[in-house]
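J.: Join the two chains into one complex using the hints; note that each chain is given alone, in its own frame.
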Amino acid sequence: MAEEIRAEMVANVWKVVVAEGDAVSAGDTLVILESMKMEIPVLVETPGTVSALHVAEGDVVQEGDVLAVIE
Amino acid sequence: MTAAPVAPAKPVVPREEDPRNPRRRLTALFDEGSLELITAEDDSGMLAGIGRIEGATSVAFCSDATIQGGAMGKAGCQVILTAYERALAEGAPVLGLWHSGGARLREGVVSLHAVGEVFAIMTRASGKVPQISVVLGPAAGGAAYGPALTDVVILGPEGRVFVTGPDVVRSVTGEDVDSLRLGGPEPHGRRSGVVHVVTDTQEAAYTEARRLAALLGDQREIGEVEDRDLSDFLPESAKRAYDVHPIVESLLDEATSLELHPKWAPNVTTTLGRLGGRTVGVIANNPLRLGGCLDSASAEKAARFVRMCDAFGVPMVVVVDVPGYLPGVGQEWDGVVRRGAKLLHAFAEATVPRVTLVTRKAYGGAYIAMNSRSLGATKVFAWPGAEVAVMGAVAAVRILHRRRLAELAADVRGEVEVELAAEHEQLAGGVARAQEIGVVDEMIEPAHTRSAIAAAIAAAPQTRGNHGNIPL
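Heads up: the protein sequence lines correspond to chains A and B, in order. Taking the working numbering, the leading residue of the first sequence gets 1, the next gets one more, and so forth. Taking the working numbering, the leading residue of the second sequence gets 1001, the next gets one more, and so forth.
Hints were generated in silico from the structure; no laboratory data involved. Where a beta carbon is used, it is the ideal one built from N, C-alpha and C, also for glycine. Don't take every hint at face value.
[As the list claims (entries may be wrong)] Here are the computed distance ranges between Cβ atoms for each label pair: (1) A:A19 <-> B:D1218: 49 to 55 Å; (2) B:P1246 <-> A:T46: 18 to 24 Å; (3) A:E3 <-> B:P1246: 23 to 29 Å; (4) B:P1384 <-> A:Q62: 35 to 41 Å; (5) A:T49 <-> B:V1109: 53 to 59 Å; (6) A:Q62 <-> B:R1191: 16 to 22 Å; (7) A:T49 <-> B:P1246: 24 to 30 Å; (8) B:P1246 <-> A:A52: 27 to 33 Å.
Chain B extracted, bound-state conformation (with noise of 0.2 Å):
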């Protein structure tokens, strides 16, 4: 995992004004006047500092780009671990401020050894503390598989993430690519996965970061939670797809949200945010991408988010409007079976409160993999109107009673079909249906939305998963 040379550009200033002094870095990242530095300032081209973010601890590293491109060496890593250390200690989150061009090249075998400590120790705190990358400069290498092994990775405007720059990969395959196209925001906000967060400027970067951290590391109890009607987000065609952020973000506590991967994955949309001022995770199907589909990506992205969120102790709200998984070959190599078991292995394992709420539908096996009570949903609500079946009941009666509808004129078919699905309903699809089998608890209105979902998590035990949070 040798890094890419990245050419350091030569300080025109006096270090102590550098913009990428981690110094500086750091005091922009904590509590005004909170930054205790635990490491010294010296040329390992890392600093590690605690302090306090949203009053709540938190330790936090920074590469030093002003020394060797911010290029990791033993003394360098040796920080990482020491801030590590601490943050297990302290039980506190780390945030990890990353320009590098990765391991030390100088140094060789023992800059590799050096940064695969970081990536143990990584590993080890995984699931026990919140870890944040925020991604500041290129972070190439080692220095982007340290950012990957974490939580949350967020990505500046300068932010690039790739295995090799552009030079190796243009001297070993022939591609002709810049560092934004192989490692910017466009492809790992959209394509690869890798970045969970983009912003605009650095100073965005910092506030999405303290954001996280503060809903990661200071949970709260659940409060009072006033209730606001939902149903105005959904529209009157039963068919028609909608947007479900509207939904999500009148679900939780006003400005409260953040969503993770927005762009990645949008048929299904993870969000952090507080209900009653107690941080919960959102899950959510979109119908305005794929019509709400699960497929490989999603089921893959919602996995990872659901055990994020058991790790931490994060209660969970599942939004279902699922037709189905998506169908096609292209889903089928792309490994949707083997990638959709990662949800339901995700959920079925998950110990946090969990409550699920059916807007709309929810079909076939899809309806399993969002949070069903067979998988151990603390509660599952419906709205009124909701269908949770196998199939839409038209589809449903088409196969069923194929050939006496074969057998009728086309004229009267339609006629008939609307019937034997009315009948199919009651017997199959109905939220009645649902309650009287146990797989749906209760039906509530959306104007009673959010305070049975809050009375629900604050009255089931507050668990934590005993797991890691392997990046799938």
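Next up, chain A with everything else stripped away, as it sits in the complex (with noise of 0.2 Å):
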């Protein structure tokens, strides 16, 4: 079943550390987002593989935003 990974607020993309086609389990980081003056890493929740990234660092993502999908 397949996931998405959303933005939980306005952010910056900082580093993006996986690519598509990653193998990943949970507790791992897909993209760090600057907001707020901090890094704030967004966590895999259940294990699988990053079937699409929608953001490149540099990137502005709302609230919301789709941020990855992990099959």
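T.: Structure below.
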């Protein structure tokens, strides 16, 4: 089942840690956002494969934007 | 508040062996062999008993889902009233096991009136004895608001909570939704905040209910506390967000923590557990979610927890690492001012011992809200390097020295900013300055934090608030 990972808040995409096709397990960092002057890692909740990555470093994301899809 | 018709599954097994038999359910909840029924096993649709949970006296009632889907009539509601009167007389926790379609249609307004009396006694008992609800099956209409009025709601895997069931929703609004999506673990655990604890099995639901009854009903005295270093859980970079759970769990005695609302408003965590054997409540910002900002939902969640702890005399530990209130249109329209005010009110009115620990930073309005000195904290501790300020130093000098910085060439601006920030920090942000003003009492090492907090709690008068616990 596909799981969409969404941004919880407005942020800059500071670092993208994974690539499409990567296998990820719970607790892995997908991307690191920058917001409220903090670096906030976005973590995997359920293990799977990164089937789509919708952001690149330097992008600005809004609350609710899909960052990645994990299958 | 008429119940949604929930079709009762016809029992194919004798009542005695039916897993929904309320005596079986009550037996599973209490310590082995301790259940003593206090109402008759009849067709009222409800059964109540008294017994022990982890050795402590507790009272419980249970819907009888084998009769009319557990619907509540006058007689069934009287069973709940009996349970509450007994719990109030004993000063014991009262637990409700729910599996009910709501008020009995056949009894008409008589049943509505009776359900209203249940709500009234629950409200009268609020803040006096701990009330814990375990939702084992569908709990609709009156059976939804019953649990909602209590202190903690646990949802088992078959538990569903809604005002009106899927059939009524479909016929009235045309929305096609199943009971899982309408009122199951996902919506109530993550979105609505109706449910505090979600469990995968019915057994786990009983286990968590028993742990809660013991934590709230048998709080014990504070004893020896072993120290351990809590700094290992902070990342090296002060800018990096991290998960606060390991800090909270290490602060508490091993394997005693029980988190409420773990998935709803996760940017603040609310956890019951023991410190030196004594029950305490921990409120902590979680930087991993929303950077640890307070927002309308998390302020409301924390406020309700604070008021519950205060009402039952549970001392609080407040772990602070907060960059501020979450800015934005969404938040303002969501009532962050009104809902954030609940947290200020909750802390300011609390009379239990409540100790604050600033681990990294406490900025702005959120600094005040997280049990600051001005709101009446028993003690405020800070780890070395922590910052207490209106905002981060760089952000502050960018406002204070906007013109001067704008006049500088771009290549030197950064350098000057850093210098000004260091100066500003001396003046306004460091722990030393905070101690001077008296808003931080003491700087403590992460390795001595447990014993320092325990000592501060033990030294304070063991009081409790004189108020109910409205489900904020």
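J.: Provide an ascending list of the numbers of those earlier hints which the structure does not satisfy.
T.: Violated hints: none; all satisfied.
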